[in-house]
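Enquirer: We have chain A; now place chain B onto it with these hints.
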Amino acid sequence: MNKLKKMMSIVLGAGLVLSATSVSAFADEPYVSYNYDAWYDAVPSQSGYRVDEVVSGSSMNLLRLSTPGDDLFMSENASATISNAKDLFYEPELDEFWIADSGNNRILRLDKDLKLVGAYDKLKDSVIESFNDPTGLYVTISDGKPVVYIADTANARAVRAIAVSSTEMISDQEFVKPETDLYNSKTFNPTKVLADSGGNVYAVESSITQGAVQFAPNGEFTGFYGANRVEVTAAVIAQKVWRMFASNEQLASMERNVNVEFANFDVDNEGFIYTVTEAANASQDAVKKLNPAGYNIWNTNAGNSYKFGDLVEFTTAEVDPNFATRLTDLVVSDNMNINVLDYESGRVFQYDQENNLLFVFGSKNSTSDQKGTFIAPNAVESRGDKIYVIDGKKNDITIFVETQFGRIVHEAAGLYAEGKYEEAKDPWEEVLSRDGGYWLAYMGLGKAELNSGNYEKAMDYFEYAEADVSYDNAYQYYREEVISKYFTAAIIVLVVIVIAIIVLRILFKKGIIGKKAKAKGGK
Amino acid sequence: MYEFSELGWIKHVVFHPVEGFEDLRWKKKGSIKYAFIIVGLLFIAMVASERLRGFQYTKGNQEIFNVVPLIVQSVVYFATWVIGNWSICTLLDGEGTMKRVCINSAYALVPYIVGTYIGVFLSNFMTLDESVWVNTVEYIGLGWSVVLMVQGMKAVHQYSFSKTILSIVLTLVAMLIILFLAVLLISLFQQVYAFFYQIYTEITYRIRG
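Chains as they are written, first to last, in my numbering: chain A, 1 to 523; chain B, 524 to 732.
So that you can see chain A by itself, here it is in the shape it has in the complex (with noise of 0.2 Å):
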């Protein structure tokens, strides 16, 4: 008897301590995770990026900024957190983090893990030596000095300038407003920066629409890059007819029908510049991957669509009449996964380079201030498998960090995207048997198959994943695989028909069988 209550209290107390741990491990992102079917619905899918940590400014050791004596103090009150900070970006080859800190008028430098090796709020060899709400950062490298472009929104101008030591930056170049008839606009607060390999300069302003604009490295204005289209609509249209009968006068008065300017841009490791509009629900060009001249490679007139954000009119819609996607932001990745900041809902959208999407997650705030949400997501940045996303309210950053499932679907999107269909056919049924729902991994399966030559097997996943086009191509192979298998065996069968309809005609004519075979026995 003693020996059974003995039992019964370790197998309780075994129970409950499992409850306990699993209790904690249930502890779940604030963010429902979902990715869309074939059908454009919100499906549940599991979490392919976890909160890791959240870094304040004093995390970053920004107290060392106002402490006398240390190497990096700047002034007594210099402010110990960010504030409103309009820009994070990661340099890889220093393995570096910059913020360009908008809210105190200053650019800070951290190391990997976030903690603060160099400040900057003093321009030297200027005319206007500080900064004033600089909004756009982006860095590389020459001659291992930092070079740090900078989108010195309020002083109306761009900077590239070289920070020569951690404390000491030295402008180079400045990019100020063109005085050319071709420049129409009457501001010059560039937002955003950008610089490709050969040094242009690319300034986001954004009373401009032609697209970004861009400078030669010497500082010359060489004309505008990208610009977004029109977007078609029948308000559009019906201006486009009214103009055709109006007068100058009438004319004059009209509205014009403008395009969307961009927002933010991005380089990729390869030299390709990707834009983000955040215009509300812009449904064209939200966001595009640019070659040299300017163009769009995803190009919406060949037929794809490509679809970034969420999918208002399917789901949140219905729950939110006033929801609307604002894209703020975006991020290309090591893996060339092109990770999209929406300010709106704060969440990121992952994709790869097909605009599949893989995972959405983080989350505006609800009630709860709970790690993994924003209230003013305002840049996206990546470094190796994790995500970093600063918030200018919140003042801090969030470092997201992807989860054993996040892993796994990178192994096979990674292979799936370079062409190795069969070697990502492991890592595809790890993601099936984890997340049933996963649309690109029956694309990736069914794809796999076709490879490999299981035509039937590849036509089954591609009917899953309601690819109708794919799932032709695998029927085409198919049914020559039958026609071919079957064919001598169907000719055998066909003609042996036809002998014995021609032998069954003969013999009826002459009257060996039928009725007059009949009424001949009949007489």
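It is worth saying that the hints were derived from the structure and are not from the lab. Keep in mind that a hint or two might mislead.
As the list claims (entries may be wrong) - Derived lysine-lysine pairs resembling DSBU-like cross-links, with alpha carbons at most 35 Å apart:
#1 A/K112 x A/K364
#2 B/K582 x A/K420
#3 A/K112 x A/K394
#4 B/K582 x A/K289
#5 B/K582 x A/K485
#6 B/K582 x A/K457
#7 B/K552 x B/K677
Being a predicted model, the structure only gives us computed values, none of them experimental.
Expert: Here is chain B on its own, set in the frame of chain A:
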């Protein structure tokens, strides 16, 4: 002249677009029972066209299937066509009775139905590159049916060709009016129903205390 079974008559009418319906009229043949069967087959053809095509030919969300629009597109449209045509042509000195209009219209639909069935069948063995064959079969069926429909209406009312076209256009207008009134009536009756239901709930509340 001609002596056929009922099925034979359908075959005769379908394969003789010019004289078939006249023969049908003179012989006073044609069966309302077969007309209804044909309309039923039309409905089945529409369901088949939605559900039984080869995978590469299926469009839209296959998770959701609603049979009501298909009933409306087949049976309800056919009924309004017959009623509308009869109403218009009675005013325009047409000779056809409603029964004759129904029979002729149904017989005229046969090529379209057959074309759809063949198309659905073929789509299971055709790749998308060969979709032209599927489409051709279906369009031939449709075109044939349109020709038969004009001939059928012409014969049943003993109209000239131009008057037939006019009557068909007017019939389409009449169909619109009928459907509009039907929708109106349904929504009104819904309100009447809601009214009585409210009275009922009111009374039940009072009775309960």
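Enquirer: Quick check: which numbered hints come out false for this structure?
Expert: Checked against the structure, no hint fails, so every one of them is satisfied.
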